[in-house]
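Enquirer: If you follow the hints, you should be able to join the two separate chains into one complex; please do so.
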Amino acid sequence: MDNSVLIDMLKKMVTIRYFEESIYDVYTRGLMPGLAHLYIGEEAIAVGVCENLKRDDLITSTHRGHGHLIAKGGDLNKMMAEVIGKETGYCKGKGGSMHIADPDLGIIGANGIVAGSIPIAAGLGLASKIKNDGRVIVCFFGEGASNQGAFHEGINMGSLWNLPIVYVCENNLYGISVHQSRAQKIKDVAVRAKSYDIPGEVVDGNDVLAVYDAAKIAVERAKEGLGPTFIECKTYRWGGHHVGDPGTAYRAKEEVDMWKDKCPIKRFKSLLIKERVLSEPEIERLEEKVKKDVDVAVTFAKESPYPLPEEALEDIII
Amino acid sequence: MREITYAQAISEAIAEEMRLDENVILLGEDVGILGGNFRTTTGLYEEFGEERVLDTPISEAGIVGCALGLAIRGMRPIAEIMFGDFLCLAMDQIVNQVAKIRYMSGGRIRVPLVIRTNIGAGRSSAAQHSQSLHSWFLHTPGIESVMPSSPYEVKGLLKSAIRDDNPVVVFEHKMLYNKKGEVPEKECLIPIGISEVKREGGDVTIVATSSMVGESLELAIQLEKEGISIEVIDLRSLVPMDEETIINSVRKTGRLVLVDEGVTRGGITAEIATMVMEKAFDCLNAPIERVGNENTPIPFSPVLERYVIPNREKIEKAVRKAIK
Ligand SMILES: Cc1ncc(C[n+]2csc(CCOP(=O)(O)OP(=O)(O)O)c2C)c(N)n1
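Those protein sequences? They're chains A and B, same order as listed. Going by our numbering, the first residue of the first sequence is number 1, and it counts up by one from there. Going by our numbering, the first residue of the second sequence is number 1001, and it counts up by one from there.
Okay, chain B solo, but in the shape it has when bound (with noise of 0.2 Å):
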């Protein structure tokens, strides 16, 4: 199968969905003649003209209160926030207005909406340009998000988000941009809510989002040579969350490793863990781990940048602790 990158899945993944629905608009910093800060629109411009593609200006709060206004007019919009942290100066929009309004209004207002943003760290490009800030999204009801870990993931999952009539913001990865992988030249969508199990195994089933499925990937192929199978779910969605294929493996398994790249306090990894000793507590043979980042901001140096950030010997650990 041909291989594209990250960033070419998305360019592609929002180029066919403009083709087929002439609502479909792409609103954001530089995404324009620039092609995205990083190079995530290359091409839309001369295509779809900047009618569809528009620079904004360096307001995000405007970015995604008028794709708001957008959504509600039966546009489905797509707004870029460049960096994830950028994200809170969007915060009300996306809180008080975005994840609201279709409940608020007794469903009759309707908000087809994608915030495509990222996360990641590891670019030592230091705190304010670094964070994972999906967790925050868990708990505010109203809009889905979801993680994509390949350039097939992101194109699937993108397409589905422009197409789902509910918010979705979509966490890309900024140490993914430029990895390649297989994408599948025909129709590729992939349904928002569900998990994937990328490799089956016996011993230890880890829950792995974005960046750190390949990481955990990696790592299960090097322990298998000492005998130890780790099963690798990717969780893709937060919300809605695939609690079904997270309970069946641990079932097999009994043992628990949970890794993601936030900040590990009131993270992901402490919702998922919850929801497993509420269904699946029976079968736990071992107390769950978790691998996140420390709970820190993302210092510049490389050295201490390394140290707080989660990596594959991170996650050994906690997978040899889990097994013990």
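Chain A with its partners taken away, still in its complex shape (with noise of 0.2 Å):
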């Protein structure tokens, strides 16, 4: 693999974790209003799939969507401005963390509605292949969404129709407090592809490298014309559900450790240190950039003007 896209990974997955440790910050400042569900700990996934996809592939997302927006290029300073509620945000405040959307970039939306989207992924992969222009899906989704009925007819779907679609789940373990456990049977999500007669892996999200090739894979399939295939990625979320939830209640502290040592990032600069693609120093520095941006962001969206009141009665039919 070309070095220029190794480092363009660790790139990306250090401006998720510093984006999202801003958000905190942010946050618990009491500068951002609503709901801040943070992706620290799962980088790996966003990066190593989105890593496959040119600007015109499309993506939807969930309610922890910050990881996949940025991983698709999403503008730092648009995001920050739109999850404090500004007009300069991707959606001039009007949806806030849990709606951010640029079909620019090919980014169809957060979304707060569990599950939503799986359907919308085959709506989005059926006008493909309607149009017959290449563009590939990823649907991403928790083990959680999982459960719903919208899961279901939204990947049956997607390979009854043989859909340009990459399903991709990330098992964090937990929906809000429920352990995968206690609501589901199975261990592995991914067996459920069988069911729809499509191909279903099991990859270690916190494993860049691993979920990239997986997705390298799925993306070709979808490119082919041979249909969907399901991406299961195991992984956690370091912190509570969102901001406001410590996330102690229902996990042992030795858990929460365990993974916090299986940190994606810290794996990925290993290898990179060691395969000598990139030197300690020259981390720092990547990091210090990153930083940099990060921050500029956050003064950005601090600085930007709210939306005027009256423009809630736009953008919409009344």
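I should point out that these hints are in silico values taken from the structure, not numbers from a laboratory. Keep in mind that a hint or two might mislead.
[To be verified] To give a feel for the contact side, a few chain A residues facing chain B, derived at Cβ under 10 Å: (1) Gly34; (2) Val83; (3) Glu87; (4) Gly95; (5) Ser97; (6) Met98; (7) His99; (8) Ala145; (9) Gly175; (10) Gly200; (11) Val243; (12) Glu303; (13) Glu310.
[As the list claims (entries may be wrong)] Covered stretches of chain A, going by a simulated chain B footprint (3 or more residues, C-beta under 8 Å): (14) 176-190; (15) 229-237.
Please read all numbers here as calculations on a predicted model, not as lab measurements. Heads up, the beta-carbon is just placed ideally off N, CA and C, and yes, glycines get one too.
Expert: Have a look at this one:
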């Protein structure tokens, strides 16, 4: 693999991590209203998958969407401005963290409804097929979403019509407070792929290269008209369900610590150093640069104006 | 009297009914170990165990359908839908199944089922976590619905809902969960279908729902200083509706302002206004005023959100218009 790809992936992972840490900071200082669902600990998935996509390929995202958007090329300034409700945000302050969209980058939107985007992905993929434009759809969702009716309806259509979709299940073991084992009997959500007669693969979601490789095959299959692939990425969210949830009422500290040891960024950094792709000082410089970019985004967002109240009546037929 | 929060009043109501009747069980997302996303079910899992307090998969249609099956078997399930917005995922079960079975079966099957959910914006939770969808249920005969405005109301109405042999949807309010209020320690039951005059007045009647009752009462105190006397009615129940209490008040004041947080178009206020025109048109001295959400989704940014949702200033404007 080209070194530039590896470096780009590290940069994106670090960007997501620092963006989310900044959100935590902004949120706990009372500058961000609403809810903040952080992606810390899961960075390798969005990055490993999206590195295989072109600008006009499409993604659908979830309530935990910041990582997906950054990995797909989302603009940090516009994202940060949106999550604090400013006019300069991606959606002029109407959407917020859970609804950021940028159709120009193929980001169809974060989504506040668990599994809400899975049937939508079928339509996005069917359009690719009808228009024969080769655009691939990546549909992200959590293991919790796999117990919704919409999951079944959407994937059945995707498989039935051989649509160019990559289903990426981010299995972080919990849906809010409920452990996977208390919500479904299976351990690997990917076994469900079999019932749709599509390939289903389980990968280490904290290994960006493993995710990258699996997604590469899936995207190629989609482009060749061979239909959807289901990739389950095993991972963990380090924090609570959202910033206000300490995440301690239903998880043991040992479990959290164990997963923190498996940090996807730490792991990828060591690999890049070992393979002499980057030196330690080079990584430090990369991190400094990323921090600066995110800090600029925070300043941009803070200094941006709020929308005019009357704009609430726009973008809708009243 | 002791004060507890709205959320505590909910846990207390459920616990009391579960102790009284072993057929009462609770199911929903995160109602068990976490004690509810809004901490409305704290202590229940610990007291009653996982057989009677079930954390479910994220499957709203499944939750309501399963509760219906339990009800048909003679149990008294309480199904929690974490945000009112997620009722949409269970709508088929609610509208086509829950609301219909007693009637379709010629009365042979009863459905003693409670759906607890919530309404309310004001937390910058944006378009999919802020809706007030209660008025949809007016249009579906076969389900009762209540909108408790305080800790006392939520305890009393929820307990009555659990004992009711018909399906009842309890619309709690997200902004009220942490609000404290007086709740008696002794048995507390509020009958469904009865509105309450919370404050008497002679110049104008406000009929309000849920958190808008508190806003209206504050306004009434404020405007009293100017000599404007407002009667405030807490609607409490949407179905069945207490027409008599509303009509009696309008006969007295001749003026009516209706306040509800849902989108104004096609909402409960339209229903009440029509009812009053039909039954008491002769005593209206001014057009009926309505205060509700603009006909838009709830935007995220606080400046936008404040603009679309009803508040005290908007109610005040409507009152002044009504008494002009
Ligand atoms: C239809 C619906 N039901 C419930 C919720 C509340 N909710 C938000 S996130 C979440 C857990 C989702 O779990 P999972 O899909 O595994 O994603 P994760 O949060 O773990 O990333 C729940 C229950 C929701 N947003 N939408």
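Enquirer: Need the list of violated hint numbers for this structure, in ascending order.
Expert: The structure conflicts with hints 10, 11, 12, 15, although it agrees with all the remaining ones.
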